[in-house]
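J.: Sequence:
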Amino acid sequence: MSSQNQENASSVGAAIFQSSESFATGFSDRVRAIHEKFDQDKDGYLNFEELSSLQVTTSGAEMSRQQFAMVCNGLGCSPVQGLNMDSLRIVYAAQGSDVDGDYEKIFKKQEKADDGIIEVVEGGVDISP
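All letters in the sequence shown, in the order written, are residues 33 to 161 by this note's numbering.
Simulated from the structure, these hints should not be mistaken for laboratory data.
All C-beta atoms in this analysis are idealised placements derived from N, C-alpha and C, irrespective of residue type, glycine included.
Any given hint could be a false lead.
Unchecked claim - List of simulated lysine to aspartate or glutamate pairs, EDC-like, C-alpha gap at most 16 Å:
#1 Lys74 - Glu94
#2 Lys69 - Glu81
#3 Lys69 - Glu136
#4 Lys140 - Glu81
#5 Lys137 - Asp73
Said to hold, decoys possible - Label pairs and their in silico Cβ distance ranges:
#6 Val88 - Ser54: 12 to 20 Å
#7 Lys74 - Pro111: 15 to 23 Å
#8 Gly76 - Asn105: 17 to 25 Å
Please build the complete structure, drawing on both the sequences and the hints.
T.: In structure tokens:
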């Protein structure tokens, strides 16, 4: 890779991962929120079950253990541990990925579920959605 290409790649990486501009910050915040939501054991990695749950939630498709191993190997991750936050950022930075759409599916669904809670309030019961 030429020196110019390396500089361009570094610039793109910085724009996605380190920039303080709103796009990069919003992107990183959404990936972080998704990672934290599905990292059920809070070890910093999405293991097979956790990543499978993310995939089913966002696309409805099941993931096989073989697919999980291929994803991990392609990202340089251990299939025993799974994907860390940086690996998930790379997945979402890839063409065809939609962090905004996935974020909406995950967190808007949760908000709708929260809206259906029946609350007992002074003077009666609030059952409005």
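J.: Please write out, lowest number first, the hints stated earlier that are contradicted by the structure.
T.: 1, 4, 5, 6
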